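Q: Once you have looked at the hints, place chain C on chain Z.
Protein chains in written order, with the working numbering: chain Z, 1 to 336; chain C, 1 to 434.
FYI, nobody ran anything at the bench for these hints, they're computed from the structure.
Worth double-checking, as some hints may not be accurate.
Per the computed footprint, the stretches of chain C lying under chain Z, defined by three or more beta-carbons under 8 Å from a beta-carbon of chain Z, are [claimed, not checked]:
no., region
1, 163-177
2, 226-238
3, 407-417
In silico DSS-like pairs for lysine-lysine, Cα to Cα no more than 25 Å straight-line [stated by the list, open to error]:
no., chain 1, residue 1, chain 2, residue 2
4, C, 254, C, 77
5, C, 96, C, 338
6, C, 126, C, 96
7, C, 279, C, 319
8, C, 319, Z, 134
9, Z, 134, C, 79
It should be emphasised that the depicted structure is a prediction, and the values quoted were computed from it without experimental measurement.
Positions of the beta carbon are idealized from the N, C-alpha and C atoms, including for glycine.
These are the residues of each chain, in order.
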Amino acid sequence: MSPELVTSLIIAFVALFVVLNTAAIVVFAERRLAGFIQNRPGPNRVGPIGILQPLADVLKLLFNEDITPIYGRKALHTIAPIIPVITAIAAIAVIPFATGVVASDINVGVLYLLAVTSMGVYGVTLGGWASNSKYSLLGGLRSAAQMVSYELPMGIAVASCVLYAASLNMVEIVDSQEFWWNVFRNPIGFVIFIIAAFAEANRAPFDLVEAEQELVGGFHTEYSGMKFGTFFLAEYMHVVIGSMLIVTFFFGGYHLPFAGYWLPEMSETATIILDLIVFSVKTLFFVFLFIWVRWTLPRFKFNDLMNYSWSRLLPLGIINFVVIASAIMIYNNYFS
Amino acid sequence: MELEKKYSKIDEKVHPTFFPEHQKALYKKLEDKHTTIELDQDDPLSTQMILNMGPQHPATHGVLRVVLDLRGEQIIKNKLDIGYLHRGVEKIAENKTYQEFMPYTDRMDYLSPYSNNVALCLAVEKIAEVDVPERATYIRMICCELARVSAHLLWLGTKVMDAGALSFFMWAFREREKIYDIFDEVAGHRFTVSHSRIGGVANDFTDDAVARIKKFINEFPNELNDWEKLLNKNRIFVDRNEGTGVLTTNDAIKYGATGPTLRGSGIAYDIRRFEPYMKYDEMDFEVPSRVEGDNLARYYVRMEEMAESVRIIRQCFEKMPSKGAMRVDNAKQSYPSKDEVYYSMEGMIHDFMMTDTGICPPEGAESYHAIEAPKGELGYFIQSDGTGHPWRLKINTPSFRNLQAMEYTLDGEMVADTVLIIGGFDPVMGEADK
Chain Z
1 MSPELVTSLI IAFVALFVVL NTAAIVVFAE RRLAGFIQNR PGPNRVGPIG ILQPLADVLK
61 LLFNEDITPI YGRKALHTIA PIIPVITAIA AIAVIPFATG VVASDINVGV LYLLAVTSMG
121 VYGVTLGGWA SNSKYSLLGG LRSAAQMVSY ELPMGIAVAS CVLYAASLNM VEIVDSQEFW
181 WNVFRNPIGF VIFIIAAFAE ANRAPFDLVE AEQELVGGFH TEYSGMKFGT FFLAEYMHVV
241 IGSMLIVTFF FGGYHLPFAG YWLPEMSETA TIILDLIVFS VKTLFFVFLF IWVRWTLPRF
301 KFNDLMNYSW SRLLPLGIIN FVVIASAIMI YNNYFS
Chain C
1 MELEKKYSKI DEKVHPTFFP EHQKALYKKL EDKHTTIELD QDDPLSTQMI LNMGPQHPAT
61 HGVLRVVLDL RGEQIIKNKL DIGYLHRGVE KIAENKTYQE FMPYTDRMDY LSPYSNNVAL
121 CLAVEKIAEV DVPERATYIR MICCELARVS AHLLWLGTKV MDAGALSFFM WAFREREKIY
181 DIFDEVAGHR FTVSHSRIGG VANDFTDDAV ARIKKFINEF PNELNDWEKL LNKNRIFVDR
241 NEGTGVLTTN DAIKYGATGP TLRGSGIAYD IRRFEPYMKY DEMDFEVPSR VEGDNLARYY
301 VRMEEMAESV RIIRQCFEKM PSKGAMRVDN AKQSYPSKDE VYYSMEGMIH DFMMTDTGIC
361 PPEGAESYHA IEAPKGELGY FIQSDGTGHP WRLKINTPSF RNLQAMEYTL DGEMVADTVL
421 IIGGFDPVMG EADK
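If we strip away everything but chain Z, and leave its shape as in the complex, we get (with noise of 0.2 Å):
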């Protein structure tokens, strides 16, 4: 084996490992804030401050009888939790976590990174077929058009990012964003984006995939057990992805702010150190907002949801892509 490929499998391994488990610590954070938002304490009796619940409703899991519905499609209603986690766990490999700390730094990066998100829509929508159940059925046929409804937004603000760093490379794309971030040049694609995110990630105002209240849990209504429990986890990975995703696409990734300008030379290791740093502090600040967002905000109503990104978010992001484009050729031939 060549030693780019260990660093990368090491680099990927432990990558999966902290996103595995700040998986896990983000359902312990949910609950807690979400106890905090609604003025009670939250889960805090297992272990200190209740730190060993995500460990506990595991156990609980693993123990709870695996249901399969009697004309279920037994193969598909298993295969199905597995795919969002698995294209959650694939999208890991393209984020640049610090400088020169990368699973994989292929030149297509921002176009796999499109194409494997956009698969995790497939557990959802089967997992919803596969039930054989009617809420299950309409969740997974809110999920696809939901999905295909902000693929696209979500794939022109990031064409608008990549019109900054001319590169399809993530690398690239946030090292072109050392002296300034995305979301000052950018901020319109900064909204489209962090909208689409939401609706990605299947979480409140956009949630009407589960729907807790009309479908009653909507395509996850018929598992149980760790079925159940991948499906949770593959929705808090997501979580966790699309905050990594905001950071990157927007806020300068591993950079502090306009650091060009500013940050001294630093030795290889401090460096790396502190890129960790910055970037773990602005994932969590997303995945707090995506936890606050989730406990204050009512649910959009289905042709709404339709109605805005179709009509709303996609032409906004084409007008924005146009202008960003030509505002950059006009600087590139007049300017510089």
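A: For chain C alone, kept in the frame of chain Z given last:
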């Protein structure tokens, strides 16, 4: 014929192992139900399906069953099925004395038990011609308005939760908890209070209870303000409610809607204003109403009603005499006070007689008396045969009437709206099914 084939498949699909014959018979009954829903045969893509919502569904407010005929997510037709909480309280009443029946009324509209107690008492007092002492009347009014606030708080919490904002439920319940504590102090029970008595109330307010109620009515308007700030301008919440579940003025009258539902549809009819009972004619309060008839209108009406209730409670405290009897001083009409029961022979005998025989309205007396309960007009029709038991007792419950109107507003809406519309009409199944 094809329809039959499609539906008799259920027999092949279920394999009950436990009492199979009984179970199969049950499924057969289920199939035969709601024959009024017809499947459109011209549906090549088979986008149409029948969705059975409830009776076990987290958002149908109890055991309401809604059978929806869907095309995609749109409701083509719907049918409500009620009766899952039928307990036959009207029949039970015939074998109980009037006072014995009161705890059953608690369990009808279990979100505002005090209003139900008072409705029964007022109806009995009307046919038996009992004059209630003034202070007791004010106590009843204060508690009725607290019950209204409490019922509307539950409506608010669940409605916003149905819209998807889960935290709101907790915030509304925190305030509701304070009302429970007040009732605990006043009546000794938090939930099913049964505090009212025929001819008065069970006991006077304690000082602690008065202090708690005053504290609550001072603090509550601020909370209400906060919530209005949070919801009135919330684009998602307004979008979801505006124009959904529209009940026009004509339909509201035609289908017998009542209470906030009627007032949201443009008719400012409130029994407290038009046929004042107790001391409501002395109170200065508004009857909030809207003309749109949609969910948002009903939301505004209920929010404003809560503020009006607080105003009424404040006025009650101003006008309430500081001392006075709790029950009418007539042993044939009402329970004697505990002092008399414990320390005098006559008192004890009267207590026994009240429990055993109870109040006896004159033979042939009958009347209907309605109050404005949180959900609308709550009326008791009582026919007396001269004994301590009612000969007939019929209850006109607002939730039942509102459900009647609701069935006509669901058609053409989306699935996601069903729960919101149910939340907007705010039925309580304990009351609708009796």
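Q: Please list, smallest to largest, the hint numbers that this structure does not respect.
A: When the structure is compared with the hints, only number 8 turns out to be violated.
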